[in-house]
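Enquirer: Put together the whole structure using the sequences plus the hints.
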Amino acid sequence: NTTHYREASAAYYLRQHPAFGGRPKKPADNVSDSDSDVPDTLHIDLYEREGSLGGRVKLGSIDNVPIEEGAGVVHDSNLHIIEFMNVLGLQRSPPSDFNNSTEAGVMMWDGTNIGWRLDEDLNIDSDTCCLKRMALKLSRWCGDASKTRVGGMPGVRKALKVCQQTCQRFPLFDRYGVYSWWSMPRIIRGVLKKWVRVYDSTFGPHSSVRQFATDMGVDKMAQTPANVYFGEVDPRMNNKFVTEIVSSFNRINYGQDDRIQAFVTSISLAGMAIVGDVFSVKGGNFKVPEGIIHHSVDSIRLGSRVTNVVALDSCVGDPTRFRVYHRNEDEDSNTHSDT
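Residue 150 in our numbering sits at position 155 of the sequence shown, and the numbers go up by one each step.
Please note that the accuracy of each hint is not assured.
[Stated by the list, open to error] Pairs of lysine-lysine, DSBU-like flavour, derived with a Cα cap of 30 Å:
(1) K277 <-> K53
(2) K277 <-> K153
(3) K215 <-> K235
(4) K156 <-> K277
(5) K235 <-> K156
(6) K188 <-> K235
(7) K235 <-> K189
(8) K142 <-> K153
(9) K189 <-> K215
(10) K142 <-> K156
(11) K277 <-> K188
(12) K189 <-> K156
Simulated from the structure, these hints should not be mistaken for lab results.
Expert: Shown next as structure tokens:
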């Protein structure tokens, strides 16, 4: 398999479990003598099919500009990732590093035409409606004013920035109405309040996905397509908002549209910062799974694909041992390891 957040998390929490000593692979400075007396009976071998760690969480490059190829942002409600960052001493990227990618503009392409476009250089022509013309002119005025001496004052600069961003988003309000931009965050905020229960140690375990959704209180969302669910929850929501905005976010995150179930769609919308905030890790998000793996496992076998796992015979009272058969992709050969 490709090593990702899931596999890194499994190794980390196994290593922390009290039954195995409840401490990192290499005792930290703050481990007490009493903790050191607990035998470390856990040995973790990690087999990675690819030649590097991280799976889809990796940093690529386009025209020498670093680009997150997968799992590019972290939502501020993701407490596990935040915990991992604290353990590893990682920092968030400055807001400018994350937001500069949108300075050139954002647009929606429906396969034939540009549905809408947001940037600082929108043209004002004879076909532009009066309100839109006023909004765009005000946006430009705010941009120019922020470069003046008075506009450079912290409080004034922030107010001008908010005004400019609001005016630049006028095409969105014009196309989808204002109400949908208030209603959808309200719905997603309610979902996130339920979602944070997964961080409660008393929540679970669950025998099925359906039981998980029921206990969380999102069973209807998990069984209803997004394009149906949001219309039922709030009939006043603009249909174009769901078919265009929601579908666009789902295509970015999952390669799907607005027909996938509403619960997954809600997580997708949260990941696009429709509620809360998102950030990236300084130096690349891949540092999180890669760092946690090195922090938690005993050995890493890159380029090895597991083909079979067999339990070995053992004496009564002895721990069960396993034989792991794996294929070395580079050498095109099979081998095994006992653990």
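Enquirer: Would you mind marking each hint as holding or not holding in the structure?
Expert: Hints versus structure:
The straight-line distance between the Cα atoms of K277 and K53 is roughly 13 Å, inside the 30 Å bound, and the hint therefore holds. A threshold of 30 Å between alpha carbons decides the hint, and for K277 with K153 the separation of about 25 Å falls inside it, so the pair holds. Distance check on the hinted pair: K215 and K235 sit about 23 Å apart at the alpha-carbon level, within 30 Å; holds. The hinted pair formed by K156 and K277 meets the criterion: a straight-line CA distance of about 25 Å does not exceed 30 Å.
For the hint linking K235 to K156, the alpha-carbon distance of about 28 Å falls within 30 Å, and the restraint holds. Proximity of K188 to K235 is assessed by CA-CA distance (about 27 Å); at most 30 Å being required, the pair is judged to hold. Distance check on the hinted pair: K235 and K189 sit about 27 Å apart at the alpha-carbon level, within 30 Å; holds. Among the hinted pairs, K142 with K153 is consistent with the structure: their alpha-carbon atoms are about 12 Å apart, no more than 30 Å.
Taking the CA atoms of K189 and K215, the gap is about 13 Å. The hint holds against a cut of 30 Å. For the given pair, K142 sits about 11 Å from K156 by alpha-carbon distance, which is consistent with the 30 Å threshold. As the CA atoms of K277 and K188 are separated by approximately 28 Å, the hinted pair is consistent with the 30 Å bound. At most 30 Å may separate the alpha-carbon atoms for a hinted pair to count; K189 and K156 exceed this at roughly 33 Å.
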